[in-house]
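K.L.:
Using the sequences and the hints given, assemble the complete structure.
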Amino acid sequence: MAAYIPSGNASKKYLDNFVYDDQTATVICQEGYSPISKTRQEEDYLYIFSTRACKNCQNRSLCPKPNNGRIRVFISDNHKLKLVDNIPQRKEALIKRKMIGRKFAEAKKWHGLRRARYRGKWKVAIQMIMTFLVMNAKRIARLLKSPPIKEVFQPALAIRAG
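Here this note's numbering is used: position 16 in the sequence shown is 16, and no number is missing along the way.
What the hints contain is simulated information worked out from the structure, not anything from laboratory work. Since this is a predicted model, take the numbers as computed values, not measurements. Hints are not guaranteed to be accurate.
Stated by the list, open to error - Cut-off 25 Å, straight-line C-alpha distance, at most; resulting in silico cross-link-like pairs (DSS-like, lysine-lysine):
#1 Lys109 with Lys98
#2 Lys123 with Lys109
#3 Lys96 with Lys138
#4 Lys108 with Lys123
#5 Lys98 with Lys108
#6 Lys65 with Lys38
#7 Lys108 with Lys96
#8 Lys121 with Lys108
#9 Lys55 with Lys38
#10 Lys109 with Lys121
#11 Lys109 with Lys138
#12 Lys103 with Lys55
#13 Lys103 with Lys123
#14 Lys96 with Lys123
#15 Lys103 with Lys91
#16 Lys65 with Lys55
#17 Lys138 with Lys103
#18 Lys123 with Lys138
#19 Lys98 with Lys55
#20 Lys109 with Lys96
#21 Lys108 with Lys138
P.N.:
Structure below.
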């Protein structure tokens, strides 16, 4: 099973228009052009493309704007992982991650898991078990309280038939 990390660069929509090439360890634009240089900045990379290749490009509006005669594309390591692992399994894994994270957020916000009440590994484990037991009991009660789906739709079918 692979670990998929969500990308923090959701605001930069143009990054989805580039493809990462493992053999050359660089990014390539939609038209197939490679950057003229690549520099490491802290933990991320800055790829610089020439504007000559982009002058006649049909997808120029999807790329970042030129800056001092160069087109600069800043890609973090997280987004590089997204470019490498852009497969359907990644999308499914991130959807599952959201659902699981939502439950932990509920436990933290409404059930006191922001801090451990007691000290010690076993006492914290018991607090976690009890918290999620309560959350599951609440969900079971909510599911039992709502009417079954079949009963909700049966009267509507009876009206149409009659």
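K.L.:
Does each hint hold? Answer for all of them.
P.N.:
Structure-based check of all given hints:
1. Lys109 with Lys98: With Cα atoms ~16 Å apart, Lys109 and Lys98 stay inside 25 Å; holds.
2. Lys123 with Lys109: holds, 20 Å
3. Lys96 with Lys138: The hint holds at about 21 Å.
4. Lys108 with Lys123: Given pair Lys108, Lys123 holds - Cα atoms ~17 Å apart, limit 25 Å.
5. Lys98 with Lys108: holds, 15 Å
6. Lys65 with Lys38: holds, 18 Å
7. Lys108 with Lys96: holds, 19 Å
8. Lys121 with Lys108: holds, 18 Å
9. Lys55 with Lys38: Holds, because 21 Å separates the two Cα atoms, which is no more than 25 Å.
10. Lys109 with Lys121: holds, 22 Å
11. Lys109 with Lys138: holds, 15 Å
12. Lys103 with Lys55: Not satisfied, since the Cα-Cα distance of roughly 49 Å exceeds 25 Å.
13. Lys103 with Lys123: holds, 21 Å
14. Lys96 with Lys123: violated, 29 Å
15. Lys103 with Lys91: holds, 19 Å
16. Lys65 with Lys55: holds, 12 Å
17. Lys138 with Lys103: holds, 13 Å
18. Lys123 with Lys138: holds, 23 Å
19. Lys98 with Lys55: violated, 41 Å
20. Lys109 with Lys96: Roughly 20 Å between the alpha carbons, so the hint for Lys109 and Lys96 holds.
21. Lys108 with Lys138: Holds, because 16 Å separates the two Cα atoms, which is no more than 25 Å.
Of the numbered hints listed earlier, those contradicted by the structure are 12, 14 and 19.
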